[in-house]
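**Student:** These are the residues of each chain, in order.
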Amino acid sequence: MIQLCPIADLTPGAVIRIARPDVPVPLALVKVGERVFCIDDTCSHETASLSDGWLDGHEIECPLHESRFDLRTGKPDCPPARRPIRTHVVQVVDGMVCVDATSLALAAETAR
Amino acid sequence: MTTIAVVGTGLAGVRAAEALRADGYDGRLVLVGEEAAQPYDRPPLSKQVLLGKCESQDIALTDDDLRAVLDAEWLLGTRATALDPASRALTLADGRSLYADGVVIATGARARTLPGMPRLPGVHTLRTLDDAHRLREDLSRPGRVVVVGGGFIGAEVASSARALGHEVTIVEYEQKPLLRQLGPDAAGILGRLHTDHGVALVTGVGVTGLVGEDGVRAVELSDGRLLPADVVVVGVGAVPNTEWLTGSGVACDNGVLTDERCRTTVLGVVAAGDVAAYRCRGGRLRIEHWTNARDMPVIAAGSLLATLRGQDPMAQPVHDPLPYVWSDQYGVQLQIAGRPGVDDVLELVSGSFDDSFAAVYRRDGEISGVLAVDSPREFGRLRRDLRSAWSVR
Ligand SMILES: Cc1cc2nc3c(=O)[nH]c(=O)nc-3n(C[C@H](O)[C@H](O)[C@H](O)COP(=O)(O)OP(=O)(O)OC[C@H]3O[C@@H](n4cnc5c(N)ncnc54)[C@H](O)[C@@H]3O)c2cc1C
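If you read the protein sequences in the order shown, they are chains A and B. Note that this note's numbering has the first sequence beginning at 1, numbered continuously upward. Note that this note's numbering has the second sequence beginning at 1, numbered continuously upward.
Extracted from the complex, chain A is given alone in its bound form (with noise of 0.2 Å):
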């Protein structure tokens, strides 16, 4: 398991990215009532931050072109986007978010 950030740090409908060392791909954390919701902050067409778009309920639209994925599925409504964008599952351990690290190495190793 890597620890994410506390989750305290997560307010709803406000959408965190972490991007670090220790994490294989750039990751979109988002808190949707009580539940949070953890995806690949990259679109699955082109280089655009997720984390940058629009949340509303539990879809995220990306800013470039503006496909909007389900936070739930990871399945895009609309072109350019055809790709689902992976979702990883995430505890809370101590208050603190975790994800699963064997389910992104598996994002790290596709992404490429």
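Hints are computed from structural coordinates only; laboratory data are not their basis. Mixed in with the good hints there might be a few duds.
Said to hold, decoys possible - The calculated SDA-like cross-link candidates involving lysine to any residue, where the alpha carbons are at most 20 Å apart (straight line), are: (1) B:Lys-47 <-> A:Pro-79; (2) A:Lys-75 <-> B:Arg-67; (3) A:Lys-31 <-> B:Arg-377; (4) B:Lys-53 <-> A:Thr-47; (5) A:Lys-75 <-> B:Leu-66; (6) B:Lys-47 <-> A:His-65; (7) B:Lys-53 <-> A:Glu-46; (8) B:Lys-47 <-> B:Leu-164; (9) A:Lys-75 <-> B:Arg-21; (10) B:Lys-47 <-> A:His-45; (11) B:Lys-47 <-> A:Thr-47; (12) B:Lys-47 <-> B:Glu-137; (13) A:Lys-75 <-> B:Asp-65; (14) B:Lys-53 <-> A:His-45; (15) A:Lys-75 <-> B:Asp-295; (16) A:Lys-75 <-> B:Leu-61; (17) A:Lys-75 <-> B:Asp-64; (18) A:Lys-75 <-> B:Ala-68; (19) A:Lys-75 <-> B:Ala-22; (20) A:Lys-75 <-> B:Thr-62.
Once you've looked at the hints, dock chain B with the ligand against the given chain A.
**Tutor:** Just chain B with the ligand, lined up with the frame of chain A:
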């Protein structure tokens, strides 16, 4: 069985086919495309493709999954040459006829050329993948590049040619590039992008001729100057592909005229994308931007299916999006929303005009447009404000 023919296999054509199936259309679907290539996306042509950063397969608009969903007959490499309004039969360039109950016109636009100028080797326009490959080939040798036209495509080509190490000059007829689209302040800022990156900008002059015999040697300007050139790229706008509709009853005037629901003057014929001049807020818009070509076919498909199913098309949604375009030049990302007028006032919201920034246009104090350079998050926020203003107007 019902047949729907989609003419044009660019973004708008593919999206129309996708929308028809998503809307439950299970009849025969035929796509007719002049280009022999599988459908592809154009924005990367002037950017990644010229720079050799991506290949044809990276810009495909369809994949096996989508093609399975579309379940269409693909007639690629052949043009529609006529449409008979009574029988709704299409004539194809190879002599075949195709009867259709519904037709989607998505024939897009082609690059405008300089009137009366010789087609010399070394002179290019950029609209298709073939164009991009030919230009890339010419840019693989050292040489001086002259870009005629300082619009988005001209600017992107200049930026790519510069990145490939060429000496580049842009010739722009107006006093500043993008002056009419973005007004003097933004035009000044974007003009500086060129000069900051070592691209020469020659403004306020026209091109009167091309000099050369077995290849272009120079560009002749209206003030008598000769600009030496080994490669010339003409980026002076696009012309809608409507000639094939002569005699079809489909009314055209700088594009296929449609109503707010993408319907043309012929029943059962709709149009979408760069080719369509749609009615909007008491006026007409023909928008040559990617997002419009993505979204308009969905409306067109909805109203066509309503017509074919005998439902009331007026109950269908209208096409009235907030115009949006992006451009990538010199490693900088531009985003523009709305339709700012030349006299609208540009007001900085964040950042600095010398670097990255987000700004709004105002007309009588009201927001009329958003312009951002490398500020996607701020752009998104301001675009929301503009969208609210746009929807009440
Ligand atoms: C180099 C370049 C860069 C661009 N960059 C950007 C950008 O950064 N951002 C942005 O917002 N927009 C950009 N655009 C604009 C965007 O690509 C267009 O708005 C979009 O391609 C329009 O799609 P369309 O399907 O309506 O038309 P088109 O893409 O023109 O497709 C129409 C198709 O119909 C075919 N056709 C024409 N006549 C016939 C006929 N009679 N029978 C059969 N087929 C026919 C054509 O061959 C063509 O394949 C760019 C365009 C170009 C050329």
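**Student:** Confirm or reject each hint.
**Tutor:** Against the structure, the hints:
1. For the suggested pair Lys-47 of chain B and Pro-79 of chain A, the alpha carbons sit about 19 Å apart, so the restraint of at most 20 Å is met.
2. With a CA separation close to 18 Å, the supplied pair Lys-75 of chain A and Arg-67 of chain B stays within the 20 Å bound.
3. With a C-alpha separation of about 18 Å, the suggested pair Lys-31 of chain A and Arg-377 of chain B falls inside the 20 Å cut-off, and the hint holds.
4. For the hint linking Lys-53 of chain B to Thr-47 of chain A, the alpha-carbon distance of about 13 Å falls within 20 Å, and the restraint holds.
5. For the given pair, Lys-75 of chain A sits about 15 Å from Leu-66 of chain B by alpha-carbon distance, which is consistent with the 20 Å threshold.
6. For a cut-off of 20 Å, the pair hint linking Lys-47 of chain B to His-65 of chain A stands: about 16 Å separates their Cα positions.
7. Restraint check for Lys-53 of chain B and Glu-46 of chain A: the C-alpha separation of about 12 Å stays at or below 20 Å, so the hint holds.
8. Taking the CA atoms of Lys-47 of chain B and Leu-164 of chain B, the gap is about 11 Å. The hint holds against a cut of 20 Å.
9. In summary, the hint linking Lys-75 of chain A to Arg-21 of chain B is supported, as the alpha carbons are separated by about 19 Å, within the 20 Å threshold.
10. The hinted pair formed by Lys-47 of chain B and His-45 of chain A meets the criterion: a straight-line CA distance of about 15 Å does not exceed 20 Å.
11. Restraint check for Lys-47 of chain B and Thr-47 of chain A: the C-alpha separation of about 14 Å stays at or below 20 Å, so the hint holds.
12. In summary, the hint linking Lys-47 of chain B to Glu-137 of chain B is supported, as the alpha carbons are separated by about 15 Å, within the 20 Å threshold.
13. Using a Cα cut-off of 20 Å, the hinted pair Lys-75 of chain A and Asp-65 of chain B holds, with the two alpha carbons roughly 14 Å apart.
14. For the suggested pair Lys-53 of chain B and His-45 of chain A, the alpha carbons sit about 15 Å apart, so the restraint of at most 20 Å is met.
15. Distance hint between Lys-75 of chain A and Asp-295 of chain B is fulfilled; the C-alpha atoms sit about 18 Å from each other, no more than 20 Å.
16. As the CA atoms of Lys-75 of chain A and Leu-61 of chain B are separated by approximately 17 Å, the hinted pair is consistent with the 20 Å bound.
17. In summary, the hint linking Lys-75 of chain A to Asp-64 of chain B is supported, as the alpha carbons are separated by about 17 Å, within the 20 Å threshold.
18. Taking the CA atoms of Lys-75 of chain A and Ala-68 of chain B, the gap is near 19 Å; set against the 20 Å cutoff, the hint holds.
19. Our distance criterion of 20 Å between C-alpha atoms is met by Lys-75 of chain A and Ala-22 of chain B, whose separation comes to about 16 Å.
20. For a cut-off of 20 Å, the pair hint linking Lys-75 of chain A to Thr-62 of chain B stands: about 17 Å separates their Cα positions.
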